[in-house]
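A.B. asks: Order-wise, the sequence lines are chains A and B.
Per the working numbering, the first sequence starts with residue 1, numbered consecutively.
Per the working numbering, the second sequence starts with residue 1, numbered consecutively.
What the hints contain is simulated information worked out from the structure, not anything from laboratory work.
Source: prediction; values computed, not measured.
Hints may be right or wrong, so weigh each one.
Straight-line Cα separation of at most 30 Å, DSSO-like style, residue types lysine-lysine; simulated pairs [unchecked claim]: (1) A:612 to B:27; (2) A:475 to A:99; (3) A:683 to B:27; (4) A:683 to B:123.
The following label-pair restraints were derived from C-beta to C-beta distances [stated by the list, open to error]: (5) A:948 to B:153: 34 to 40 Å; (6) B:74 to A:408: 53 to 59 Å; (7) A:520 to B:93: 30 to 36 Å; (8) A:780 to B:153: 24 to 30 Å; (9) A:901 to B:85: 24 to 30 Å; (10) B:85 to A:1019: 43 to 49 Å; (11) A:408 to B:85: 38 to 44 Å.
Far from chain A by the CB rule (all over 12 Å, computed), these chain B residues [unchecked claim]: (12) 78; (13) 90; (14) 128.
Even glycine gets a Cβ: it sits at the ideal position worked out from N, Cα and C.
Here is what each chain is made of, one letter per residue.
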Amino acid sequence: MNKLYLSRVMKTIMFLLLAGFTTVSASSYSQQITLKGKNIPFSTVIEAIRKQSGYTVFGTKKILESTKPVTIDVKNMPLQQFMNVVIENQPIDYVIEDKTISLSSVVQPGNPIAPTTQQQLLIGVVRHAETKELLAGVNVKLKGSTLSTSTNEKGAYSISIPTSAAKQVLVFSYVGMKPQEIAFQKQATLNVEMEPDDSSMNEVVITGIYQRDREAHTGSSITYSAKDLQIVGNQNILQSLKTLDPSFAIVENNLFGSDPNRLPDIEIRGKSSVIGLTDEFSSNPNQPLFILDGFESTLAIIADLSMDRVASITLLKDASASAIYGSKAANGVVVVETKRPTAGSLRINYNLSSSVNFADLSDYNLMNAEEKLQFELLSQFYGLLNADGDIIVGANTNNEANYFNRLKEVRRGVNTYWAHEPLKTAITQRHTLFAEGGDANLRYSVSLNYGLTPGVMVGSDRTATNGNVRLLYRKGNISVNNTLSIDNVSANRETQPFSAFSRANPYYRKYDDQGNVRMILEDFSAFGNPSLLPIYSPLYNQSNLNINASESQGFTNNFEAEWRIIEALRARARFGIRSLREQAVLFSSPFNTEFLQTDVLERGRYDENNGKNVNYDGDLSLTFGKVFAAKHSVNAVAGMRMEQNVRNQSSFGVSGFIDDEFSNPNFALGYKEGQRAGYQESKRRGASFFMNTGYAFDQRYLIDATLRSDGSSIYGSSRQFSTIWSVGLGWNAHKESFLSSYGWINQLRLRGSIGNPGNQNFDDYISMRIYRYNNENRNPFGASTIISNMGNSNLRWQTTLDRNIGLDFMTFGNRFRLTADYFVKSTDPLLVLLTLPSSTGVARVAQNIGEQQANGFTLNTDYTILRRDEMNWRVNLNLRHIKSEYRKMGNQLDNFNLANRNRNMVRYYDGGSPSDLWSVRSLGIDPATGREIFLNKNNEQTFVYNYQDEVVVGNSDPDVDGIIGTSFMYKGFLASVNLRYRIGGQAFLKTLYDKVENITTQNVALNQDKRALYDRWQKPGDNARFKSISRTESTPMSSRFVEDNNMLVGESFSLGYETSKASFLKSIRASSITFRAYMNDIFYVSTIKNERGLDYPFARSVSFSAAVRF
Amino acid sequence: MKIRYKIFFCLLLSLFTLSCNKWVDVKPTDRLGEDQLFVDPAGYTKAINGVYVEMANTALYGQEMTTGAVDVLAQYYVLTSSTHRYFDHTTFVYTSGKVKPTFDNAWKKAYELIANCNVIIEKCGDAPSQKLPEPYYGIIKGEAIALRAFLHHAPSFWSYLQRGE
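Okay, chain A solo, but in the shape it has when bound:
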């Protein structure tokens, strides 16, 4: 009985499947219609056609209303014939294409509207080139006349074109699509496919909270499409943004180079906080706010985001644009929108990106073995030298033996290049699979991303995997949207910094005679001074098992519901959850050289750190937008937002490993003596209310105002809420009557704004007095608490007043475009963690000190030299100039100035800039004595160095910097070149300071820069750049180590080809394909020679990417 039932079910399923397949394959016009009726309404005829042929029939209501009842009696008549019969006495015409029949109206003869001149009816259907979706509302216009129409909701149009001997051109235009001009060749049907236009993305400003037409927006912002980002680079979106926009700067970190596991320092329009104090804060106070699909996100998520998922990025730069984000907007806002699924049948995109990266060591100038030994000899490392420059034998036989042994090695040909040891050629890859589809009501997309980014150092890599499901449902006035994203990131870090290798001596061999790695390179035993620790081979530690790995898993779910209450009013509710779990493991092998002085039972270390971070945020908003009396356009949005962030972290550490075969903590003998478990917990909550209104009169005069009240738990209970406001004004001068007559001005907009965005990137509770439980010791009287943060109840939060004026100018048919902004940002008061004398009982306290003013301008311009049908040549230039100044500081920061004396050239004085370089002026090396000559405050020459003589000797910020480039497009090919330039500005030459002078006894055993040997002063009369080789004298920082830093970097070269029409596409069933090849950071030309990438080298990369759409 069961078997029979089963087989019946299977047969039914098989039948249904087959039936389903067969219906799909029928595509010819051999449909037959049977219909009989007297005076039946035309709609019945249409129904019959639909039912019997399975075709879809399109027509407007007007067409239906214009029809007359039909009398018909046909049997199995072929469809086309049937159509001809049906329209015979009707004022309609039809077009059959694929499985759709489009009906259009035909002007009746004798109709009073009938034109006197001859006319030809043109009908057609307009579709989206990629999705084949029918486009409604496409404007169809006959060029040079007022004749125009638009497509109906089925994408069909019909237009009567007067016959004329002259050439007639039809213009098809639609928002977001490239306009098309097609010559009219007296055909009856013209179907058009429109392609999306990326440049029009800049017409709408997307802030993540509301959207505004750029024409009506007074703030300074710019939007880049995915294509703009992909043309300049394929590594990650932050790298591409820095090439595209001058105000988005990634601060080059000379220590950490191209380490894939380090987040970059980003600044939009310079710094708003005193940089020297960032190590005191848990988050970087100069970092902009990142918004992903309307929800707040973190820099780590954006840095790991696959470029292929991004649809557009908008940068909100000034107060008017970013004030809607209130206290987090002081440093600008980056709004990232990912691709939304478009309706249509299931489409699949696959993107592959890969790059080859190799380390850039072009700025390293280290000595070779022969040179190094010579240098050591001259610095009297092996003993005193006689007049001929030879060692005086007999004084210290150990040292001399060392010298002669090494000389033997060098003559034998030993010349080890250590720098290559930790490096490798890194091949990165990123795969993205994106599937989308849906109909008018429900659209979906699923994407999978996998990115593997090894670094150029061995043992360093980062792998990011992401899965994303997005559903959009729209019905009537309600639309609901849910995005679920699951991320997994794992990272491995190199165990030794690159500097350990770059400083190893070249005359040592890496391996001893048995082929094992040597452990000690230099042991100073000949000196008899036990405080000089030996120098170990970096290769030795690398050959042990060392782990420095971290992993994180997280998911994000963002839900959004929108209700269009009336046409002009919309309500929206959003709720997002973000959860992240992280583990970090650090294992040091017991055989590492760092444990040589430690007890055998305590060698080796294992540290584990686990963290959990859960973030909730929700907001409600109402948006209103309406045009009154055709002249007054009003836009308003109001809402509120609440968020909560809970973070906890626990850690433990064990030691006492006997072997490094396993890094399992179970193999450790015990916890480190006196060490306690680590645990940290913190909860942060915020609530805010915001309102933004915009009014435009006749699209010419604009005014925008924003008000936001932000409350956060970090402010402490006395002052929880702070108010942020901004006002912007704009003038669309090109719409004025006196200017619109000048056809060559396409756009001329002046805008200005003022506002006070706040900065919330400070540690929790720094203004509150906080007690902690001091559990390190106990007494029998119970719990005990002690002050951990003295706090400052008078602390006022940093407020920034941001003023901006800008100009947007486009002319010559949009061939020349210019956007210029001038801004003045005053931060008052600055928040500084001040060190106090120890007699106050407090080491540091947060205080309000002084103020900072930054002013600058940015310029973004491009000019299209050549614009033809399928050819386009454009040059672009962007420029940035920023200058900051401290004020009202007095001498309150003298402690920092004192502490920085021998560390760097940063000082805090009134009128000084955060990027000024302060030092004593130097006139060079005296040829007679070999000593340095300084200039004191009275401009007198002296040999004596005194900190009181410090003046500004340079500025590490350039006068101008930016990108200059060009791009050329021909048919499907696109080539682009972008070079970064930097003019003006100086730099402190750390390499010269550390590796040419200031070489102590212990450092002589490390490799140095070649210039230490060659450019030295040796005898009276020498005009040398550096002092004589000496181990005991330390050289203070002076202007001798400051030089002009002008540079040109080959930041991005790319060549690409894309096509959606090539013949081979059909054979692989793809609808479009794109290839692109890149070279990034391929050359670096600078006026100074200063080592770059000290602990992790910078990298040059050659990459390519391919994208296929099915």
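Use these hints to put chain B onto chain A, whose structure you have.
C.D. replies: Using the frame of chain A, we list chain B on its own:
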């Protein structure tokens, strides 16, 4: 129908505004704000106990000021190895890089505890109150004042030594 929705919406919004201040007020769990601590005698006791416990820190009476540096200076130990961490103490090299931190840390810790005492005394107020009734007021304020005096004396002990008395 539409009006009903609008009213409902407004009510929802107002609900949120009421609870906002409370929402943003977050009390940390592994730490105490001073307003959370000084609310009852138990809190004051914890604070004063904190000073006692911290005095047993190795920089103060836990080591250096009792059996550590002070005893070494008093020549209670015979140290011969020049690399021993107390060698410079025993030979009175006050400028050495090993000796200076001992003094610095002792001073810093003592001043830190004096600052703690000052806060307790300030929080005690001038008279017994609701949150700190007798006998606690007398005990706690008295102990805080005494500790403050004692802590002043101890570091000044060092300065006698440095002046060679």
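A.B. asks: Could you tell me which of the hints above the structure violates, numbers in ascending order?
C.D. replies: none
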